[in-house]
Amino acid sequence: MPQQTVHKVEVNPQSVRRTNTYWSRMIRQRQLILMSLPMVLYVFLFAYVPIWGWMMAFQQFKPGFSIFEQTWVGFDQFSFLFTDDSFIRVIRNTIAMSVISLVLGFVTAVGLALLLNEIKQTGIKRFIQTISYLPHFLSWVIVTGLVSMALSTDGGIINDVLMKLHIINEPILWLGEGKYFWGIVGLSNVWKEVGWNTIIYLAAITSIDPSQYEAAEVDGAGRFRKIWNVTLPGIRPVIVILLIMNVGWILNGGGFEIQYFLGNGQVLDWSETIDIFVLKYGLKIGNYSLGVAAGIFKTLVSIVLLYCANIIAKRLGEERII
Amino acid sequence: MGVRIRKAVLVPLMLILALSLVVSACSENGNNSGNASSSSNEDKVEQFTITLFTESTGPIPTEDNRVYKEIEEKLGVTLKEEYLVGDLEQKLGVMIAGGDYPDLITADTKLTAAGAVIPLEDLIEEHAPNLKKHYGKVWNQLKDSADGHIYWLPNYGVYQGEFKPTDYQGPAFYIQKAVLKEYGYPEIKTLDDYFKLIEDYAAKYPEIDGQPTIGFSSLAFDWRDWGLRNAPQHLAGHPNDGGVLVDPDTNVATLYSATDVAKPYYNKLNDVNAKGLMDKEAFAQNYDQYLAKLSSGRVLGMFDQRWNFVQARDSLITQGKSERTYVGFPLVYEEGIQDYYLDRPVINLGNGVGITVDAEDPVRIIKFLDTLMSEEWQKRFAWGVEGEDYLVGDDGLYYRTPEMRKQQDDVTWKQANKAEALYGQLPKLEGNYPDGNADSAGNQPEEFFANLKDIDKEVMNAYGHKTWTDFFSSPPDNRVSYPAWNIDLIEGSEAKVANQKMKDLDFKYLPRAILSEPGEFDTVWSEYVEEMGKVNTEAYLDRLNEQLKWRVDSWSSN
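Residue numbers (this note's numbering), protein chains in the order written: chain X, 248 to 569; chain U, 7 to 564.
Quick caveat, the hints were computed from the structure, so don't treat them as lab data. Being a predicted model, the structure only gives us computed values, none of them experimental. Even for Gly, the Cβ is constructed at its ideal location relative to N, Cα and C. Check before you lean on any hint, since a few could be wrong.
[Said to hold, decoys possible] Heads up, simulated DSS-like pairs for lysine-lysine below, C-alpha to C-alpha not over 30 Å straight-line: (1) U/K86 / X/K531; (2) U/K555 / X/K309; (3) U/K210 / X/K531; (4) X/K426 / U/K509; (5) U/K514 / U/K281; (6) X/K527 / U/K555; (7) X/K545 / U/K514; (8) X/K531 / U/K555; (9) U/K540 / X/K309; (10) U/K509 / X/K309; (11) U/K183 / X/K527; (12) U/K281 / U/K269; (13) U/K86 / X/K426; (14) U/K269 / X/K426; (15) U/K187 / U/K555; (16) X/K309 / U/K149; (17) U/K540 / X/K531; (18) U/K75 / X/K531; (19) X/K531 / U/K509; (20) X/K426 / U/K183; (21) U/K116 / U/K97; (22) U/K281 / X/K531; (23) X/K309 / U/K116; (24) U/K269 / X/K527; (25) X/K545 / U/K97; (26) U/K75 / U/K116; (27) X/K411 / U/K210; (28) U/K183 / U/K210; (29) U/K97 / X/K411; (30) X/K426 / U/K514; (31) X/K545 / U/K420; (32) U/K138 / X/K527.
[Claimed, not checked] Covered stretches of chain X (in silico footprint by chain U; criterion: 3 or more residues with CB under 8 Å from a CB of chain U, positions within the stretch not fixed): (33) 340 to 349; (34) 453 to 465.
[To be verified] Computed list of chain U residues with no C-beta within reach of chain X, every gap over 12 Å: (35) E52; (36) T115; (37) Q147; (38) D153; (39) D173; (40) Q175.
This is chain X alone, in the form it adopts within the complex (with noise of 0.2 Å):
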């Protein structure tokens, strides 16, 4: 490793000698750091240059004005999301969504990770794999009119199941009841993505080393006992991880197409969620400092979060990303 021949001069000040080392280590790993250059600039360019752009949310933004030539209004824009009553509901709302489908879509990808790995035939295997993620590359607008369609009540699929099996009597309105909303947000999400979030865990599996297996077999181990102590344990660091990029996520995983295009105005209060909110009281009227607002809140909630569950991981003794 690097600092050999540093040393030798004793009479150097600390600070020099660190330098040196510096820039020398620096040198060494040129080709390192010229390759991760672009990288760099990308990340400063999309992710931190745009934060300028936050002043907005201190102003009463007027487009097609320089920033300079705005009003300022201070704390305005935040005091109106803060006090409108609607604002926590629609919290509320984006974070239950968001861990339905959190949770659902972990515990099925991995479910249907772990049943596709016992199939032995890869014919068959491939087969369900391809079927299952296939509705992933269909957009929320063909995928919420279907849902809509089969929710139905006036020849929707669901229903007319229910009342030919007589669990129901007469169709339910599902999509015009605010119980059913999140519900059926959390099953079209894993409809749509379940396969696809399966790809990446089958990915894992395939890297755990066979002769585990075969250890646990030695030992008397059926198909149950592998799965739980020699699989599961085997993708724990992948879903570990995957959690915490998730997390970071939650105030914007609640997602805004599926919400936006399956919600009504009769169950406004269970579908609306920040996004929904930002559109309605700041793009659509004109109000865009709102939506920064509303978007500088956003990011501090979901950094807290990303830290909540980056320490979450370090306690258990996993990974973590930061």
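Could you slot chain U onto chain X? The hints should help.
Coordinates of chain U only, in the frame set by chain X:
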């Protein structure tokens, strides 16, 4: 070592990458500024390119469209059009954020607020006699209430000659012609008459074409909110002012949602629902589902504006189910209230096009628009070419042969031979030309009658009417400040926030009230009224009243 070699390759590679990014960014700019000024002197007329973005989504003309070719040959103008894909507000937001506009742009309050368009009054005075003549009568109304400049050229609502509409496109309670026929074309005046017919018919025919009959439907989706919100003002005998009732004498606006003006209507719908006639999905469905439902021919009636469901009507006709198409009736709460559904044409303020700050030669653009306003070009757009698209009768009136009419219904043909999307957005002559012909075939009485189906003629005869507008009371002169719905509430203002909140509450509580058990209606209603009380409706009304007053002050002198 491998590292050495890689390094040697890597550095130049990265340089090339970085350079190429810079170069491509620059060259793109170069292209943009270059193409506008490309002109060749050999042409008789100097070629000129005008870029245009409108709110229109189509029909998108083909490359070799006849009309565009003529414009290019005769006027030397190449039109580069961009059609709307997706959300207009979003698209405009992006344009404003980038500060990059086409020469001609669709009217929107966002653009005026952003200073994206130039004042047109001097340009019109100096260079555009046709436009000046066209808008002369309504000149003051075109002016922006904030600074007195004219930014937009409205696309509809300025009539020449006598105003004689044959078709009705506005709001009404629509009912299937088959229902009317079944009961011998009875007079329908009130909600009770209307729902009685629907109830009887639905009881007699629980299924239509094998699917369950739907008594009454409506729509509350996105900006298409009138199906749910607007009916009470009409029932109470007021014209369409959007969310308010305006007293014609004092010119003061009041809200009607969550008041006793609105309550009887929703109470009635609650009854209708209890009888199983209300479409339970009405307010949870999207626009496509709504159209699909109407197109199946099993919805007996709805409250809507006709242009909103015209696609369903066309589909019904194509399926050969003309008797399942609809007639509109101007229902009122009780007999004695004069219906005011049909209004005199109002100028379509806040719509049409304007010239942006990015346009290099506004004078040429306004001259171009002025040329298109000439009778010759207006007829070219509306009627087509004589001998090909229409014939001239001995009396000088234009008419079409059945083949020509059929052609006009063919979407593909229209894409190659008409410029409907463009014509729809530009200023246009409406009413009658000086020679007595109507502005379009649809409004030429002879053409209108020739296009009626058998069932239509039967309905007309039974009620003793000649056109669809005859079903409505003939409207008085418009209030000077009419209509209130096109008042600019100002981006980001309190008034606009209040407006959005009121809409949210309507969307949430009205369906709930309609679909609740009859015993619970009053509870839901009072909760709704209470919630509405919390909204800053004053801000909304203040803005409207201020503008209504401003209109009376500055428009009366016209």
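Now for the hints, and whether the structure bears them out:
1. Between the alpha carbons of U/K86 and X/K531 the distance comes to roughly 28 Å, so the proposed pair stays at or under 30 Å and holds.
2. For the hint linking U/K555 to X/K309, the alpha-carbon distance of about 26 Å falls within 30 Å, and the restraint holds.
3. Restraint check for U/K210 and X/K531: the C-alpha separation of about 46 Å exceeds 30 Å, so the hint is violated.
4. Between the alpha carbons of X/K426 and U/K509 the distance comes to roughly 22 Å, so the proposed pair stays at or under 30 Å and holds.
5. Between the alpha carbons of U/K514 and U/K281 the distance comes to roughly 22 Å, so the proposed pair stays at or under 30 Å and holds.
6. A threshold of 30 Å between alpha carbons decides the hint, and for X/K527 with U/K555 the separation of about 29 Å falls inside it, so the pair holds.
7. The straight-line distance between the Cα atoms of X/K545 and U/K514 is roughly 26 Å, inside the 30 Å bound, and the hint therefore holds.
8. With a CA separation close to 27 Å, the supplied pair X/K531 and U/K555 stays within the 30 Å bound.
9. Proximity of U/K540 to X/K309 is assessed by CA-CA distance (about 28 Å); at most 30 Å being required, the pair is judged to hold.
10. Between U/K509 and X/K309 the alpha-carbon distance is near 24 Å, which keeps this suggested pair within the 30 Å criterion.
11. Between U/K183 and X/K527 the CA atoms are separated by roughly 39 Å; this puts the pair beyond 30 Å, and the hint is violated.
12. About 19 Å separates the Cα atoms of U/K281 and U/K269, which keeps this hinted pair within 30 Å; it holds.
13. Taking the CA atoms of U/K86 and X/K426, the gap is near 50 Å; set against the 30 Å cutoff, the hint is violated.
14. Our distance criterion of 30 Å between C-alpha atoms is met by U/K269 and X/K426, whose separation comes to about 27 Å.
15. Only pairs whose Cα atoms come within 30 Å are accepted, and U/K187 paired with U/K555 is rejected, the gap being roughly 47 Å.
16. With a C-alpha separation of about 21 Å, the suggested pairing of X/K309 with U/K149 holds against the 30 Å cut-off.
17. Distance hint between U/K540 and X/K531 is fulfilled; the C-alpha atoms sit about 22 Å from each other, no more than 30 Å.
18. A distance of roughly 38 Å separates the Cα atoms of U/K75 and X/K531; the hinted pair therefore is violated under the 30 Å criterion.
19. The suggested pairing of X/K531 with U/K509 holds, with an alpha-carbon distance near 13 Å, which does not exceed 30 Å.
20. For a cut-off of 30 Å, the pair hint linking X/K426 to U/K183 is broken: about 40 Å separates their Cα positions.
21. The straight-line distance between the Cα atoms of U/K116 and U/K97 is roughly 11 Å, inside the 30 Å bound, and the hint therefore holds.
22. Straight-line distance between C-alpha atoms of U/K281 and X/K531 comes to about 39 Å, which puts the hinted pair past the 30 Å bound.
23. Restraint check for X/K309 and U/K116: satisfied, since their Cα atoms lie roughly 9 Å apart, inside the 30 Å limit.
24. Restraint check for U/K269 and X/K527: the C-alpha separation of about 27 Å stays at or below 30 Å, so the hint holds.
25. At most 30 Å may separate the alpha-carbon atoms for a hinted pair to count; X/K545 and U/K97 meet this at roughly 24 Å.
26. About 33 Å separates the Cα atoms of U/K75 and U/K116, which puts this hinted pair outside 30 Å; it is violated.
27. This hinted pair checks out: X/K411 and U/K210 have alpha carbons roughly 26 Å apart, not beyond 30 Å.
28. With a C-alpha separation of about 16 Å, the suggested pair U/K183 and U/K210 falls inside the 30 Å cut-off, and the hint holds.
29. Of the supplied pair hints, the one linking U/K97 and X/K411 is violated, its CA atoms being roughly 47 Å apart against a limit of 30 Å.
30. The straight-line distance between the Cα atoms of X/K426 and U/K514 is roughly 14 Å, inside the 30 Å bound, and the hint therefore holds.
31. Restraint check for X/K545 and U/K420: not satisfied, since their Cα atoms lie roughly 49 Å apart, outside the 30 Å limit.
32. The straight-line distance between the Cα atoms of U/K138 and X/K527 is roughly 39 Å, outside the 30 Å bound, and the hint therefore fails.
33. Interface restraint, the stretch 340 to 349 of chain X with chain U: violated (0 residues with C-beta to C-beta distance below 8 Å; minimum three).
34. With 0 residues having a Cβ less than 8 Å from any Cβ of chain U, the stretch 453 to 465 of chain X misses the three-residue criterion, and the hint is violated.
35. With 12 Å as the threshold on Cβ separation, the claim that U/E52 sits away from chain X holds: the shortest Cβ distance comes to roughly 32 Å.
36. The Cβ of U/T115 sits about 8 Å from the closest Cβ of chain X, inside the 12 Å cut-off, so the non-interface label is violated.
37. With a cut of 12 Å on Cβ distances, U/Q147 stays outside the contact zone with chain X, its closest approach being about 23 Å.
38. Residue placement check: U/D153 keeps its beta carbon more than 12 Å from all beta carbons of chain X (closest about 14 Å).
39. Listed as a non-interface residue, U/D173 keeps its Cβ farther than 12 Å from every Cβ of chain X; the least gap is roughly 31 Å.
40. U/Q175, annotated as away from the interface, keeps every beta carbon of chain X farther than 12 Å; the closest lies near 26 Å.
Of the numbered hints given earlier, the model fails hints 3, 11, 13, 15, 18, 20, 22, 26, 29, 31, 32, 33, 34, 36; all others are met.
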